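Chains as they are written, first to last, in this note's numbering: chain H, 1 to 429; chain C, 1 to 429; chain Y, 1 to 429.
None of these hints come from the bench; they were simulated from the model.
The structure presented is a predicted model; accordingly, all values stated were derived computationally and were not measured.
There may be inaccurate statements among the hints.
Copies of the same chain look alike in the list, so a pair counts if it works inside one copy or between any two.
Unchecked claim - Derived lysine to aspartate or glutamate pairs resembling EDC-like cross-links, with alpha carbons at most 16 Å apart:
(1) Lys34 - Glu72
(2) Lys78 - Asp31
(3) Lys269 - Asp109
(4) Lys138 - Glu13
(5) Lys234 - Glu312
(6) Lys324 - Glu72
(7) Lys361 - Asp52
(8) Lys354 - Glu227
(9) Lys42 - Asp2
Listed below are the residues making up each chain.
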Amino acid sequence: MDIKNQMFDLMSELYPICRSITGNGVRKTLDIIKSHIDIQIKEIPSGTQVFDWSIPKEWNINDAYVIDPNGEKIIDFKKSNLHVVSYSIPINKKISFEELKAHLHTNPDQPNVIPYVTSYYKEDWGFCISHNQLNDLKYGEYQVCIDSSLENGYLTYGECFIPGQQSDEVIVSCYICHPSLCNDNLSGVILTTFLAELLAEQKPRYSYRFLFIPETIGAIAWLSINEKNLIKIKHGLVATCLGDSGKFTYKKSRQGNAEIDQIVSHVLKHSESDYDVLDFYPIGSDERQFCSPAFNLPIGSLMRTPYHRFPEYHTSGDNLEFVKKENLDESLNKYRDIIFIIENNKNYVSLNPKCEPELGKRGLYTFSGIKRTEKKQDADLQQESLLWVLNLSDGMNSLLDIANRSNLDFKLIKNAADRLRTCNLIQEK
Amino acid sequence: MDIKNQMFDLMSELYPICRSITGNGVRKTLDIIKSHIDIQIKEIPSGTQVFDWSIPKEWNINDAYVIDPNGEKIIDFKKSNLHVVSYSIPINKKISFEELKAHLHTNPDQPNVIPYVTSYYKEDWGFCISHNQLNDLKYGEYQVCIDSSLENGYLTYGECFIPGQQSDEVIVSCYICHPSLCNDNLSGVILTTFLAELLAEQKPRYSYRFLFIPETIGAIAWLSINEKNLIKIKHGLVATCLGDSGKFTYKKSRQGNAEIDQIVSHVLKHSESDYDVLDFYPIGSDERQFCSPAFNLPIGSLMRTPYHRFPEYHTSGDNLEFVKKENLDESLNKYRDIIFIIENNKNYVSLNPKCEPELGKRGLYTFSGIKRTEKKQDADLQQESLLWVLNLSDGMNSLLDIANRSNLDFKLIKNAADRLRTCNLIQEK
Amino acid sequence: MDIKNQMFDLMSELYPICRSITGNGVRKTLDIIKSHIDIQIKEIPSGTQVFDWSIPKEWNINDAYVIDPNGEKIIDFKKSNLHVVSYSIPINKKISFEELKAHLHTNPDQPNVIPYVTSYYKEDWGFCISHNQLNDLKYGEYQVCIDSSLENGYLTYGECFIPGQQSDEVIVSCYICHPSLCNDNLSGVILTTFLAELLAEQKPRYSYRFLFIPETIGAIAWLSINEKNLIKIKHGLVATCLGDSGKFTYKKSRQGNAEIDQIVSHVLKHSESDYDVLDFYPIGSDERQFCSPAFNLPIGSLMRTPYHRFPEYHTSGDNLEFVKKENLDESLNKYRDIIFIIENNKNYVSLNPKCEPELGKRGLYTFSGIKRTEKKQDADLQQESLLWVLNLSDGMNSLLDIANRSNLDFKLIKNAADRLRTCNLIQEK
């Protein structure tokens, strides 16, 4: 089966699970991922201090429903786990419509969808329904039941480490805390899993670390535990919103001109489609923690349509129909293109820096004397890329710098560098 | 009475006075201003050397007129002090039309207005009339009389100093040397007076110095006398052309990216109306002296339509009808907004720089889970501004830097900083 | 005779000569140039090592032709020296049409023209003809004759040195290796010759060195021989493609913001016509060698339509009709304007940096009090240029910097500096 169908199958398998920032939904999700890649699953006890925060109690849920005055089950957790406010405390009693209504969440702007609501740090309970359903409810006595538990336990996360030739690390991070929501964030989980699987087959230059963590508290916990090793992180990306049909959007790291920022910008510029590059802003996902002022890590986020900008965001509309396997596949390829540059972006010095070397005697000269058409031919582009690498290999320019200055694709420049190295015309700095 | 009417009343009171770079018109003007704010009036004797210049003789005038061959007083200083070339030497004799004509100044491009002409540094006499009037004059003998004096005396200027919490100074400078001209320069005089009055009620962070000086020679004299104290000047503005209906125009300091340049640009960008920001150029008003190469002070000039760019400039058309009290009022508010930023632009450091602090437990978390409309609500903007201040408070970014990077109004960022300081999440650097 | 006719006459005289990278065509060309300017002619023996290259054998040719099966001379070197592939080895035999065809070069995209082909570093022979002629050729036996020699000899080049007041040098380089081709490159040869002639009449500030070298190998040889003196080169231009009717195109030096780059950009910006400025790229002419990484000299190239971008490039269409004397003349004037700035661009310091000096007492104040029309008058521009030079003469700004910041023409700024220097208001830094 090809990779895009495999990705979509995994998403379909993970979709029904009721995840939150802690609990068995996360454990089940990580177990399934473990069948694809070698992840270590780690648990941090409730109450552990992580910087300014404390690991919360563990939340689990078996069932939840509301029965209307006619005895009809009008809200049913088993039909959609979005119906229950995440981290709802247990409840089981009869209440009036007025009292129920104070615990119902809807989105009047999108009256057909169930919104996604959480209450992690304030003990409360609630249900989410479509605004249309709310309008249909009648006065009377309702039976509400949330069969959940909120007790001391653990925060669970997963980590997949692929050692490279050097200890410098690349981080790819996704979050595993949302229930049945596909683009935000299962798309990131799926892409990260398959990217790790592909890299595990190689012995890459950098070491790679793939994080499957609950958003915010998971990133904070991970940073707290790994603070001493952050110095090794040279590049990173937060993977989310990668399955919709929108154009690619890169949100830069806080540094703004880190190598990862240049690399992703290059990949997007040399792709065939429209894209956006946004400056860093401290609203969003775990780049907020990675790029907090004390760490300021070179970590950006490559998405398609960013969270907040697609109407299905945090609603039941962000489902298996909203996400397309072709989009996931294209997103995976973009991440692979980025890693190709991360792996191969090096500085070379010309061993023949005084004038051009004689390319002809080395079989490297292919310019034809006669100019044919306006469109540059492959042979010409290859010849040009050789001259660009020779001219700019003064040790100050990386291959990516050369690609950007020449406006040629990195792969062409990399290929030229390989040929020149073979001829002993350049060497790694 | 509200401030805009007070401003207009003061302008109406000052308008008829015949000012020049020296003399009793300046003294009378400063006396009237002294009834509003506490200014020190200073005098420098004629002949005093100030850098490359020498304080000129003092000029005063009682009356001036021209009587035509029919015995009719056709030019009368008492009707408009623009009729006499400023610094005209005394004269009282009968002359031919040809001789008179050599001393008449008109503007053929605007045949209805009286132009404003000076002859400070070349002893001469002359009258200014409309071009239409010139065309009506007949041959014959004319009686010309200028009852003026040009003798050793003083150059007079005023200075209002408001001590602040620190000795670092902000300069606001205007020029008090033009006769009946409103936009250039009474508007600057009026605005400076009321701005000083407002600041005198506070104990500001910076010390403020308001200068009421004759243009060019006054600025040169002031700089010469105060050369040793210039180091204290941290920001400054030259106030002129602030009563017309044109858009705001900021002329940057010679430094080009001084804090004052950033502040004024921010205020204009976040106002609702169109505006211009111009690079420094060495033609204009006293910024030419403040920004001469040896001083290069961080002083720009916030105007509405700059001198030279409105047709009424230096003509009898620049009168009490050309200037509107609403414009003056809006200009005063812009200056106040600028001073608000000058006073509050500080660098903070986060006391919790490792990841975000937990805002919820401090009552600072207000993001609602459900996204309603595209337009950002106030609560969201406030939440965002907290995150921006936390993320960028690494000691390297001032609040203005944060406002510019987040594209949020300074006041919002300042408010967020106040709330975070109250919670001990940031402290002044 | 005026200079543009002289230039065109010299081009007509040089046009028929069969030049290559070595040989008697180059010698004859340099002898003719020597009748205009004082050039030294130098010879380097075949086999001499120059960096990664070796000076090739010397090539000479007396005649070449092809006789068709009917006994008709269908290709004749005497009619166009483009008919023979440059550096063709001698041949004289009867061959089949198939064998001949493998040695015929045409350009199917431009079926009427003879293309220009070389084979310097691979021993071969060949003829170039129009594609239409190729289509007319019949099967049968052909007599081919190339009466050439390829033997040890010399590479010949010319150098014209004009000593200046200082030993710092300006290089103007052209290449003398193309046969009957006018825009690429005789236009550069002609312009360089007449520019040298004009400069020889002066004692310039800089020393000027004009190079007449075969492209690539000549530049490499010259750099190799003169390596120790390259430090003296402060500015330079490669002169080529200067006779066509296209807009001016400046290709920057590899440094990208060298003084020569700023100077040429200024000249083009203040000319009345459209132009292009291109970043450096390592495909083109001898700037490739001058700007190789070990040298990185401040040498750009001012052309009209660049090589490769006009269809006549390297074809028989690049002839005496394609190039116009008016274009050559305009190009020469641009080079003269550039040299004017090179010669006069200096840094001054104000001797009166505290406030403006009093211009009036030195006869330098000409602003009229009355504003007439919108269009700035010459007197106003001159006054402004004085103030700009005074304000920016802090030793950090060259006259070109001042011209660029004020957006005034360099000549105006230079003139202002001259007047201020005469008045002892500024002095050379």
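Status of the hints after comparison with the structure:
Taking CA atoms no more than 16 Å apart as the test, Lys34 paired with Glu72 passes in neither setting, with 41 Å inside one copy and 83 Å between copies. In this assembly of identical chains, Lys78 and Asp31 lie within 16 Å of each other by CA distance neither inside one copy nor across copies; the values are 22 Å within and 85 Å between. Taking identical chains as interchangeable, the C-alpha atoms of Lys269 and Asp109 are never at most 16 Å apart, the minima being 36 Å within one chain and 32 Å between chains. When the C-alpha separation of Lys138 and Glu13 is checked against a cutoff of 16 Å, the pair qualifies neither within a copy, at 37 Å, nor between copies, at 73 Å.
Proximity of Lys234 and Glu312 under a CA criterion of 16 Å is satisfied in neither setting, with 34 Å inside one chain copy and 51 Å between copies. In this homomeric assembly, Lys324 and Glu72 never come within 16 Å of each other (Cα to Cα): the closest approach is 36 Å inside a single copy and 71 Å across copies. Taking the shortest Cα distances, Lys361 and Asp52 sit within 16 Å of each other only across copies (10 Å), while inside one copy they are farther apart (66 Å). Proximity of Lys354 to Glu227 under the C-alpha cut-off of 16 Å is restricted to the inter-copy arrangement: shortest distance 10 Å between copies versus 47 Å within a copy.
Taking CA atoms no more than 16 Å apart as the test, Lys42 paired with Asp2 passes in neither setting, with 31 Å inside one copy and 68 Å between copies.
In summary, the numbered hints that this structure violates are 1, 2, 3, 4, 5, 6, 9.
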